[in-house]
Structures are given as structure tokens and as C-alpha cells.
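Novice: As a plain string of letters, each chain reads:
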Amino acid sequence: DAKTTQPPSMDCAEGRAANLPCNHSTISGNEYVYWYRQIHSQGPQYIIHGLKNNETNEMASLIITEDRKSSTLILPHATLRDTAVYYCIVRPAKAAGNKLTFGGGTRVLVKP
Amino acid sequence: DGGITQSPKYLFRKEGQNVTLSCEQNLNHDAMYWYRQDPGQGLRLIYYSQIVNDFQKGDIAEGYSVSREKKESFPLTVTSAQKNPTAFYLCASSNPGTLSYEQYFGPGTRLTVT
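Residue numbers (the working numbering), protein chains in the order written: chain A, 1 to 112; chain B, 113 to 226.
Hints were generated in silico from the structure; no laboratory data involved. This one's a predicted model, so the numbers in the text were calculated from it and none came from an experiment. Among the hints, a few may not be true.
As the list claims (entries may be wrong) - Calculated lysine-lysine pairs in the DSS-like style (CA-CA distance at most 25 Å, straight line): (1) Lys169/B with Lys3/A; (2) Lys99/A with Lys3/A; (3) Lys121/B with Lys195/B; (4) Lys183/B with Lys99/A; (5) Lys99/A with Lys182/B; (6) Lys169/B with Lys99/A.
As the list claims (entries may be wrong) - Only part of the chain A face toward chain B is listed, based on derived beta-carbon distances under 7 Å: (7) Gly43; (8) Pro44; (9) Tyr46; (10) Phe102; (11) Gly103; (12) Gly104.
Claimed, not checked - Pairwise CB distance ranges, derived in the manner of DEER restraints: (13) Thr56/A with Thr189/B: 37 to 45 Å; (14) Ala13/A with Pro151/B: 26 to 34 Å; (15) Ser119/B with Thr79/A: 28 to 36 Å; (16) Ser119/B with Met59/A: 21 to 29 Å; (17) Pro151/B with Leu80/A: 18 to 26 Å; (18) Lys52/A with Thr189/B: 36 to 44 Å; (19) Lys169/B with Pro92/A: 13 to 21 Å; (20) Leu109/A with Asn140/B: 15 to 23 Å.
Every residue gets a Cβ at the ideal spot worked out from N, C-alpha and C, and that includes glycine.
Chain A extracted, bound-state conformation (with noise of 0.2 Å):
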């Protein structure tokens, strides 16, 4: 699977748009960008997928570059429950077993 890179941490204020961004320069034609998102102490969650097209759905929108080497996860309007460790993983839509590899992610803390 494709390394990704993201920033360790950054801070949003509430009611602003969050954009996170993930360098992964190394992926495959066939691998896809998903992002999750952990809330302190509980199972990450899905929030979105995408290929090569920008995609959308009611917790974020999902910006890929046209080379596809980098990515931007967008929340709209950040509240402070979005406060979480967000993840960018990169691999294929038929990965043997379907595994995903987690980084060390980007911990975002919205601020009132």
C-alpha cells in the first residue's frame, strides 16, 4: 500500500471549514484515498473514498489533486465534536484481505 503523509496536528476554530491535507505521491493507478476519523478512545469511523473524482457526502467533502498525489479532506463547518485523530489511508479497492493500515493520522482540535 501507498505511505501517506499528514500533518501531526492542527487547530480550526468552530464553524470555520477544516482542511486537512495528505501528500501520498507514491500511489498506485488502482488504489483509492479513504480517510477515517477516531474520537479519543473510541473505533475510528469511516468518513469518505475517492479514486480520482472529488467526492461529497454529509460529513465532509474529499479534494484529490488531478497527478493524484495528494489529497484535502474538507469538514465544511468544524464544531467541536469534530475534535479527532484523522486518518488518510491509501490502498487498493481489493486489497488481500481488505486490510487497512492506519499512520500516525493528523489530530485536530476545534477551538471555540
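Given the structure of chain A, go ahead and fit chain B onto it with the hints provided.
Specialist: Structure of chain B alone, referenced to chain A:
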């Protein structure tokens, strides 16, 4: 409600004892996983199972054992051979037949061995 149940939430054991962590899902998912998380770290895969009566080692399987006798259950045993068993253990499941291949996680069991 559909989901994954892990019990107990907190577990304390003495060193040298085996301990079994429970994981049950009612999502009708074929695949199930066990991860370990140490403080401030990401998740590491211990074991996974794609189908009943079959499972594979993940990245850190030493000192752990699993069974998959039923589709809905995937218990993890932490044996006395695991040198640093104190950690947060997370169980997950997924349905490889879906397009997104997302994994659903349980609430976790925090194991402390002294």
C-alpha cells in the same frame, strides 16, 4: 441497531494469564479484523478473517490467537507469550462485496496487564 459489540470496555489481568476479548457483529459482514492501538499511535493489524473457519495473521500476530467458528463472532485471545499486552484493542468488520470496502469498528476494549 446493527453494529459491532466488544466486551468488556475495560479489562484487567495479571501477567502470565491468557485473556479472551469478545467481538460480535450483527451486520452480516463476512470479514472481521482485530487491531491494536498503543497510546498516541495508529492502529496495527493483529489478525483478520475473510470467511468463517479461516483467518490470517496481520502485522503483529505473535502472542495472539483467534477463532472464527461463527460469522458473527471473532474472539481474540491475548496469550502470556505477548510481551506487551497492555493496549487498546479494536475489532472491525466489513463486507468485501460492497463497493466502498469501508470497515466498521467497535468501541474497543482497553486491556491492562500488571
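Novice: Run every hint past the structure and note whether it holds.
Specialist: Tested hints:
Distance check on the hinted pair: Lys169/B and Lys3/A sit about 21 Å apart at the alpha-carbon level, within 25 Å; holds. Taking the CA atoms of Lys99/A and Lys3/A, the gap is about 14 Å. The hint holds against a cut of 25 Å. Between the alpha carbons of Lys121/B and Lys195/B the distance comes to roughly 22 Å, so the proposed pair stays at or under 25 Å and holds. Under the criterion of a C-alpha separation no larger than 25 Å, the hint pairing Lys183/B with Lys99/A is consistent with the structure, at around 18 Å.
The hinted pair formed by Lys99/A and Lys182/B meets the criterion: a straight-line CA distance of about 20 Å does not exceed 25 Å. Between the alpha carbons of Lys169/B and Lys99/A the distance comes to roughly 11 Å, so the proposed pair stays at or under 25 Å and holds. Contact between Gly43/A and chain B, as hinted, is supported at the beta carbon level, the nearest pair being about 3 Å apart and thus within 7 Å. Interface restraint check for Pro44/A: the shortest CB-CB distance to chain B comes to about 5 Å, inside 7 Å, so the restraint holds.
Checking Tyr46/A against chain B by beta carbon gives a least distance of about 4 Å; that is within 7 Å, so the hint holds. For Phe102/A, the suggested interface contact is upheld, since its CB lies about 4 Å from the closest CB of chain B, less than 7 Å. The restraint placing Gly103/A at the interface with chain B holds, with a minimum CB-CB distance near 5 Å, inside the 7 Å limit. Satisfaction of the interface hint for Gly104/A is found here, the shortest Cβ-Cβ separation to chain B being roughly 5 Å, below the 7 Å cut-off.
Evaluation of the 37 to 45 Å hint for Thr56/A and Thr189/B yields a pass: the beta carbon distance comes to about 42 Å. Evaluation of the 26 to 34 Å hint for Ala13/A and Pro151/B yields a pass: the beta carbon distance comes to about 28 Å. Checked against the hint of 28 to 36 Å, the pair Ser119/B and Thr79/A passes, with Cβ atoms roughly 30 Å apart. For Ser119/B and Met59/A, the hinted distance range of 21 to 29 Å is satisfied, since their beta carbons lie about 28 Å from each other.
In this structure the supplied range 18 to 26 Å holds for Pro151/B paired with Leu80/A, their Cβ-Cβ distance being about 23 Å. Our hint of 36 to 44 Å for Lys52/A and Thr189/B holds, since their Cβ atoms are close to 42 Å apart. With their beta carbons about 20 Å apart, Lys169/B and Pro92/A fall inside the hinted range of 13 to 21 Å. About 37 Å separates the C-beta atoms of Leu109/A and Asn140/B, a value inconsistent with the hinted range of 15 to 23 Å.
Consistency note: the structure conflicts with earlier hint 20 alone.
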